[in-house]
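Whatever position you read off the first sequence (first residue = 1), add 11 for our numbering.
By construction, these hints were calculated from the structure, which means they are not laboratory data. We put the beta carbon where it would ideally sit given N, CA and C, even for glycine. Do not take every clue at face value.
With beta-carbon atoms standing in for the labels, derived distance ranges [claimed, not checked]: (1) Leu62 - Ser461: 26 to 36 Å; (2) Gly433 - His236: 54 to 64 Å; (3) Asp494 - Ser461: 50 to 60 Å; (4) Glu317 - Lys451: 31 to 41 Å; (5) Pro206 - Pro109: 24 to 34 Å; (6) Glu317 - His236: 44 to 54 Å; (7) Gly433 - Glu181: 33 to 43 Å; (8) Ser448 - Glu318: 22 to 32 Å; (9) Arg111 - Ser414: 46 to 56 Å; (10) Asn302 - Ala141: 33 to 43 Å; (11) Ile108 - Asp405: 34 to 44 Å.
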Amino acid sequence: MSDILRPAMESRAWPFEEARKILDRLGGGGPTGLPGKGHVLFETGYGPSGLPHIGTFAEVARTTMVRHAFARLSAIPTRLIAFSDDMDGLRRVPDNIPNREMLAEHLGKPLTAIPDPFGTHESFGHHNNARLKGFLDEFGFDYSFESATECYRSGRFDEALLNVLRHYDEITEVILPTLGPERRATYSPFLPVCPRSGRVLQAPVIARDGDAGTITYEDEDGGTHEVPVTGGHCKLQWKADWAMRWVALGVDYEMSGKDLIESVKLSGRICRILGAKPPEGFTYELFLDENGEKISKSRGNGLAVEEWLRYAPAQSLSLFMYLSPRKAKRLYFDIIPRHVDDYLSHVAKFARQEVPERLANPAWHIHDGAPPQEEARLSFAILLNLASVCNTEDRAVLWGFVSRYLPEATPESAPVLDSLVGHAINYYRDIVKPAKSYRKANEMERSALSDLAGALEALPAGAGAEDIQAQVYEVGKRHPFGDLKSWFRALYEILLGQTHGPRMGSFFVLYGLGETVALIRRAIEGEDLAG
RNA sequence: GCGCCCGUAGUUCAGCCAGGUAGAACAGCGGACUCUUAAUCCGCGUGUCGUAGGUUCGAAUCCUACCGGGCGUACCA
């Protein structure tokens with residue numbers, strides 16, 4: 012590690028700059044810099060409103076990059092918490108979810124107190140948590156899951172909650188000036204969970220008892236109730252909640268989108284009131300769609316993680332997340348191939364670089380310092396083109412053409428390349444194929460096609476690409492095409508639905524001679540080949 | 001109003017933090033392989049670096065103002 016420490020301390024790559032912020036923060040923490048809890052804690056948080064999305068991936072991927080960088084600067088162990096706000100009250104019924112009527116009856120209750128509309132988990136909150144964990148596991152992220160409900164109910168937050176109660180007035184003074192008049196009237200950092208209805212209430216708090224650890228609130232019917240602030244009987248309102256959690260868990264680092272700048276400030280002030288130092292923060296920019304407008308889940312613009320992963324490996328998405336996190340970047344379909352190829356070239360460059368350059372190489376951050384050895388050697392752009400030209404959804408056929416170019420490569424020896432082949436085929440199937448336009452053969456072309464089918468059938472079973480190519484060529488010369496270029500173009504347009512294509516001899520061998528003849532016969536019959 | 005981000009080749013962007021002859025990819029154009037094709041090879045970029053000032057021997061890069069585009073600045077999380 013000693014040979015990497017100095018360059019890591021000097022690296023300008025943003026994860027190292029962030030990691031050094033954490034190191035500075037620990038500066039006063041004793042001779043070793045080791046915090047009392049024995050480790051450095053990174054946190055990422057998830058709202059209850061929905062399913063994991065590309066922003067979730069972004070936050071965990073980026074936080075993990077900082078965590079990896081930190082590990083090069085310090086021997087202090089690190090942990091990453093994925094915290095779910097599953098005790099938040101359900102505000103509105105999400106779209107695209109079954110049993111919406113059922114959910115509507117439970118508005119306002121903590122997510123973990125609402126039946127699972129999918130019927131697969133203990134509660135809606137548990138269901139969402141499972142989705143979150145499944146999502147993170149899919150990428151192999153290292154994290155510890157924490158549930159707000161469990162933290163509140165188990166008493167883990169109790170001490171910090173009593174701390175909030177003791178500083179009730181100071182905290183309220185911080186929040187009140189930022190609120191509109193209506194909300195100001197009923198504001199309290201504590202939101203009692205109504206014992207009768209089970210809902211999280213925004214009720215006026217009319218009395219509180221610091222010694223007993225209780226608050227007294229007034230419900231809608233005018234009745235007053237005294238409840239403990241501990242043990243899950245109250246939940247904290249958002250900004251106070253965030254601050255309390257930082258204190259209770261000892262969070263050292265948490266990044267957030269720039270839409271939360273105001274919250275970070277206020278929660279930071281509350282955190283100090285509670286006697287703790289707010290975590291180091293990092294504000295990242297939001298993602299824009301193709302037209303430069305903010306991506307929002309409700310509008311459905313932008314790109315889903317699943318879409319990206321359908322057409323490209325996850326590492327290319329990680330690359331996108333690594334690059335310029337402080338810049339509002341456009342995230343849409345067309346940028347995918349470019350990121351794949353940039354990723355591949357960063358990996359290829361890595362092997363030839365010295366340590367300082369490696370630390371600035373995105374591949375270092377994507378792979379925690381150890382990028383794969385395999386070089387793809389074929390760009391993704393070329394593969395996409397190839398898939399389109401070869402007119403195939405069959406990996407084996409595409410590999411036939413790849414091997415022609417890289418004779419020693421096989422799906423087994425080149426797994427990275429093989430995965431690119433798979434993605435290229437998805438691209439072909441979804442994007443290229445639907446755009447195909449097959450045209451019917453005219454009288455003269457039908458005659459030529461018939462001639463070709465006969466010539467192919469007359470060939471011996473093991474005929475090679477060159478023999479077939481020669482037959483195609485000879486047939487073309489026997490018919491009045493003017494030049495051979497027109498003959499080949501006609502073949503592409505009629506048989507493949509595109510104006511360009513592969514070398515016919517090679518293609519027919521890979522496609523299969525029998526299948527080829529059948530295809531030609533169908534074209535002669537005037538069948539629609541687009542299926 | 002306040003705060004932040006962006007404005008560099010046809011397109012998408014890098015370069016700006018530590019000032020020193022304007023870059024990449026794609027698209028486009030021209031040529032080669034004379035058995036088409038391009039998945040190959042070769043060649044081709046003066047673009048007011050948003051505008052105007054300032055600092056400097058020297059500014060895409062630093063400072064100021066302005067213009068244009070985007071977002072935040074209620075509530076909720």
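Checked hints:
no.	hint	verdict
1	Leu62 - Ser461: 26 to 36 Å	55 Å, violated
2	Gly433 - His236: 54 to 64 Å	59 Å, holds
3	Asp494 - Ser461: 50 to 60 Å	21 Å, violated
4	Glu317 - Lys451: 31 to 41 Å	38 Å, holds
5	Pro206 - Pro109: 24 to 34 Å	30 Å, holds
6	Glu317 - His236: 44 to 54 Å	46 Å, holds
7	Gly433 - Glu181: 33 to 43 Å	58 Å, violated
8	Ser448 - Glu318: 22 to 32 Å	25 Å, holds
9	Arg111 - Ser414: 46 to 56 Å	52 Å, holds
10	Asn302 - Ala141: 33 to 43 Å	35 Å, holds
11	Ile108 - Asp405: 34 to 44 Å	37 Å, holds
Checked against the numbered hints above, the structure violates hints 1, 3, 7; every other hint is satisfied.
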